[in-house]
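*Asks:* Chains A and B supply the protein sequences, listed in that same order.
Take my numbering: the final residue in the first sequence is number 274, and no numbers are missing along the way.
Take my numbering: the final residue in the second sequence is number 548, and no numbers are missing along the way.
Misleading hints may appear alongside valid ones.
What the hints assert, rightly or not - Here are the in silico distance ranges between beta carbons for each label pair:
| id | chain 1 | residue 1 | chain 2 | residue 2 | range |
| --- | --- | --- | --- | --- | --- |
| 1 | B | E388 | A | T26 | 15 to 25 Å |
| 2 | B | S444 | A | E222 | 38 to 48 Å |
| 3 | A | T26 | B | S498 | 50 to 60 Å |
| 4 | A | Q53 | B | I458 | 33 to 43 Å |
Unchecked claim - If you want the footprint, here are the derived chain B segments under chain A, 3+ residues with CB under 8 Å:
| id | segment |
| --- | --- |
| 5 | 278-288 |
| 6 | 321-330 |
| 7 | 430-436 |
| 8 | 461-474 |
| 9 | 488-497 |
| 10 | 517-527 |
Claimed, not checked - Mimicking DSS-like on lysine-lysine, the simulated pairs with C-alpha atoms at most 30 Å apart in a straight line are:
| id | chain 1 | residue 1 | chain 2 | residue 2 |
| --- | --- | --- | --- | --- |
| 11 | A | K78 | A | K38 |
| 12 | A | K78 | B | K352 |
| 13 | A | K3 | B | K352 |
| 14 | A | K78 | A | K248 |
| 15 | A | K214 | A | K3 |
| 16 | A | K38 | B | K277 |
| 17 | B | K482 | B | K515 |
| 18 | B | K482 | A | K3 |
| 19 | B | K482 | B | K360 |
| 20 | B | K312 | B | K277 |
| 21 | A | K241 | A | K208 |
| 22 | B | K488 | A | K3 |
FYI, nobody ran anything at the bench for these hints, they're computed from the structure.
Think of the CB as a built atom: it goes at the ideal place given N, C-alpha and C, for glycine as much as any other residue.
The lines below spell out each chain.
Number of protein chains: 2
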Amino acid sequence: MEKIRRNERLSAMLKILSDSPNRIFTLSHFCDLFDAAKSTLSEDIDILRDVTQSFGLGELETVTGAAGGVRYRGTVSKADALDYVKGLCANLSGTERVLPGGFLYYSDVLSSPEITSYMGRILATAYFETEPDFVLTMETKGIPVALTTAHALGVPLVIARHNSRAYEGSAVNINYVSGSSGTIQTMSLARRAVREGTRALIVDDFLKGGGTAKGMVDLMHEFSVTVVGMAFVMATAAPEKKRVAGEKSLMTLEIRRSGDEASALVRPASWLEA
Amino acid sequence: MEKIRRNERLSAMLKILSDSPNRIFTLSHFCDLFDAAKSTLSEDIDILRDVTQSFGLGELETVTGAAGGVRYRGTVSKADALDYVKGLCANLSGTERVLPGGFLYYSDVLSSPEITSYMGRILATAYFETEPDFVLTMETKGIPVALTTAHALGVPLVIARHNSRAYEGSAVNINYVSGSSGTIQTMSLARRAVREGTRALIVDDFLKGGGTAKGMVDLMHEFSVTVVGMAFVMATAAPEKKRVAGEKSLMTLEIRRSGDEASALVRPASWLEA
Numbered sequence: 001m002e003k004i005r006r007n008e009r010l011s012a013m014l015k016i017l018s019d020s021p022n023r024i025f026t027l028s029h030f031c032d033l034f035d036a037a038k039s040t041l042s043e044d045i046d047i048l049r050d051v052t053q054s055f056g057l058g059e060l061e062t063v064t065g066a067a068g069g070v071r072y073r074g075t076v077s078k079a080d081a082l083d084y085v086k087g088l089c090a091n092l093s094g095t096e097r098v099l100p101g102g103f104l105y106y107s108d109v110l111s112s113p114e115i116t117s118y119m120g121r122i123l124a125t126a127y128f129e130t131e132p133d134f135v136l137t138m139e140t141k142g143i144p145v146a147l148t149t150a151h152a153l154g155v156p157l158v159i160a161r162h163n164s165r166a167y168e169g170s171a172v173n174i175n176y177v178s179g180s181s182g183t184i185q186t187m188s189l190a191r192r193a194v195r196e197g198t199r200a201l202i203v204d205d206f207l208k209g210g211g212t213a214k215g216m217v218d219l220m221h222e223f224s225v226t227v228v229g230m231a232f233v234m235a236t237a238a239p240e241k242k243r244v245a246g247e248k249s250l251m252t253l254e255i256r257r258s259g260d261e262a263s264a265l266v267r268p269a270s271w272l273e274a
Numbered sequence: 275m276e277k278i279r280r281n282e283r284l285s286a287m288l289k290i291l292s293d294s295p296n297r298i299f300t301l302s303h304f305c306d307l308f309d310a311a312k313s314t315l316s317e318d319i320d321i322l323r324d325v326t327q328s329f330g331l332g333e334l335e336t337v338t339g340a341a342g343g344v345r346y347r348g349t350v351s352k353a354d355a356l357d358y359v360k361g362l363c364a365n366l367s368g369t370e371r372v373l374p375g376g377f378l379y380y381s382d383v384l385s386s387p388e389i390t391s392y393m394g395r396i397l398a399t400a401y402f403e404t405e406p407d408f409v410l411t412m413e414t415k416g417i418p419v420a421l422t423t424a425h426a427l428g429v430p431l432v433i434a435r436h437n438s439r440a441y442e443g444s445a446v447n448i449n450y451v452s453g454s455s456g457t458i459q460t461m462s463l464a465r466r467a468v469r470e471g472t473r474a475l476i477v478d479d480f481l482k483g484g485g486t487a488k489g490m491v492d493l494m495h496e497f498s499v500t501v502v503g504m505a506f507v508m509a510t511a512a513p514e515k516k517r518v519a520g521e522k523s524l525m526t527l528e529i530r531r532s533g534d535e536a537s538a539l540v541r542p543a544s545w546l547e548a
């Protein structure tokens, strides 16, 4: 291959790094790929660090030590995160999305590749430092945002199910009390899905009473896994006291009734405004 | 902002384009962002087109006409797709992943952000020309690959459920016969999830008899939606005749028994080898 020019190398390098977020690439990897010297690539990385920063495209980090190299993280600044979530809140607030029974319709938001990608980046930014080994979610509606968060963190996604299925093999089942309905439910996870002694970040779409979240925490205890954090797209304002604590949600939901009409008031969570 | 140099502009531009796959950006958008002339940006695009092509990082396309501009597509070449799928097949074949009942355990593959991203790019490559308006999947295990395919196509994801839920609002329910068990099941989709007259690409994890796939096709008819194609991660070799036709699967699964031991033979689908 003929010698690659700097501007070609830079764009290819950023693309490769950002396609595998949070994964450390050694400089040697790029030396081989681009047939360039380490000193040259170090300069490249300095340039890319500035570029990503000035356009709000995440950040490049140099990691020192034996397993060192460079990695891309799709971090989102506090200001950008708050702006983005405010936009979502405006879209979700009002009367139009409120369903009979006081539920909020936002399945379209939860399965939008564009929106969940960005939400995943916001949540990953909040949890990079906790170094989870995988993201855990409970089927169904949280799967997209859990996947994008796992992608941004560079870790696998593990999905707990309502019932154990034949095609999952031997499984650990636990019972938990659904916070909203008070009924006893079952949560199941294949034995081989998780390794003992690892670290989980719980990500789900909705937090009301916290029964399901508490179930996921209990399930992780069965696997001797440490839960490093819990993140949700939406938390209800009531009940204020959940069965879990220390979680980070992106938005808070309150349904207000006046006469026959119900209206949703969706606000950014307070940690985003801090 | 001070004038941006070409190498900075190129990397930022490729990152922005590839973060929103298949979306057309006008040249004016980048003119404003980078404070550069159209002629300069046209040259940039030519360079980026070469870069993405020579490193197998997808492709840049110039779209002419009133709504014209430039778009990134994460296309995967036939050769790369086949190589990748062959690697997956090697990982999934053998005795280790076969569960009692002759099921194959591959939930880890189906929820891996890295693997599903690439599978999504392969499937999108096969369906860009059919111009779907959205991707439809049926909960649960196909959601990750359906999301990444939708992302690569730049369209929303719509998820059909087993039962209608209060928080989905009014829904269309259909009954279908599960191909594998022969039982009657229900499939449900919120009325507001899909607009009449649009085009759907069906993406799911597993095709056996084709009952669920046929159900999704019937469901789309209820919404007056055209099904432009069907894609699956895995199809069983038997039965050879499915209730749907014209689908594209990535892999074919055959379980072979010899004495007490069952072994999985997973092969790339024939359209990938063509």
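*Asks:* Confirm or reject each hint.
*Replies:* Tested hints:
For E388 of chain B and T26 of chain A, the Cβ-Cβ distance of about 18 Å falls inside the hinted range of 15 to 25 Å, so the restraint holds. S444 of chain B and E222 of chain A have their C-beta atoms about 39 Å apart, which keeps the hinted 38 to 48 Å range intact. Taken as a hint, the range 50 to 60 Å holds for the pair T26 of chain A and S498 of chain B, whose Cβ atoms sit roughly 54 Å apart. Restraint check, Q53 of chain A to I458 of chain B: a C-beta distance of roughly 57 Å breaks the suggested window 33 to 43 Å.
Requiring three or more residues with a Cβ within less than 8 Å of a Cβ of chain A, the coverage given for the segment 278-288 of chain B holds, as 8 such residues are present. Residues of the segment 321-330 of chain B lying with their CB closer than 8 Å to a CB of chain A number 7, which satisfies the three-residue condition for coverage. Proximity of the segment 430-436 of chain B to chain A, defined as three or more residues with a beta carbon under 8 Å from a beta carbon of that chain, is established by the 5 residues found. With 3 residues having a Cβ less than 8 Å from any Cβ of chain A, the segment 461-474 of chain B passes the three-residue criterion, so the hint holds.
Evaluation of the coverage hint for the segment 488-497 of chain B: breached, as 0 residues show C-beta separations to chain A shorter than 8 Å, against a requirement of three. Here's how the segment 517-527 of chain B fares: 0 of its residues keep a CB closer than 8 Å to some CB of chain A, so the rule of at least three is not met and the hint is violated. Distance restraint check for K78 of chain A and K38 of chain A: the Cα-Cα separation of roughly 34 Å exceeds the 30 Å cut-off, and the hinted pair is therefore not satisfied. This hinted pair does not check out: K78 of chain A and K352 of chain B have alpha carbons roughly 42 Å apart, beyond 30 Å.
Distance hint between K3 of chain A and K352 of chain B is fulfilled; the C-alpha atoms sit about 27 Å from each other, no more than 30 Å. About 14 Å separates the Cα atoms of K78 of chain A and K248 of chain A, which keeps this hinted pair within 30 Å; it holds. Taking the CA atoms of K214 of chain A and K3 of chain A, the gap is near 56 Å; set against the 30 Å cutoff, the hint is violated. At roughly 28 Å between alpha-carbon atoms, K38 of chain A and K277 of chain B fall within 30 Å of each other, so this suggested pair holds.
Taking the CA atoms of K482 of chain B and K515 of chain B, the gap is about 9 Å. The hint holds against a cut of 30 Å. Proximity of K482 of chain B to K3 of chain A is assessed by CA-CA distance (about 50 Å); at most 30 Å being required, the pair is judged violated. Restraint check: the Cα-Cα separation between K482 of chain B and K360 of chain B comes to about 21 Å, which is no more than 30 Å; the hinted pair holds. As the CA atoms of K312 of chain B and K277 of chain B are separated by approximately 15 Å, the hinted pair is consistent with the 30 Å bound.
At roughly 9 Å between alpha-carbon atoms, K241 of chain A and K208 of chain A fall within 30 Å of each other, so this suggested pair holds. Only pairs whose Cα atoms come within 30 Å are accepted, and K488 of chain B paired with K3 of chain A is rejected, the gap being roughly 53 Å.
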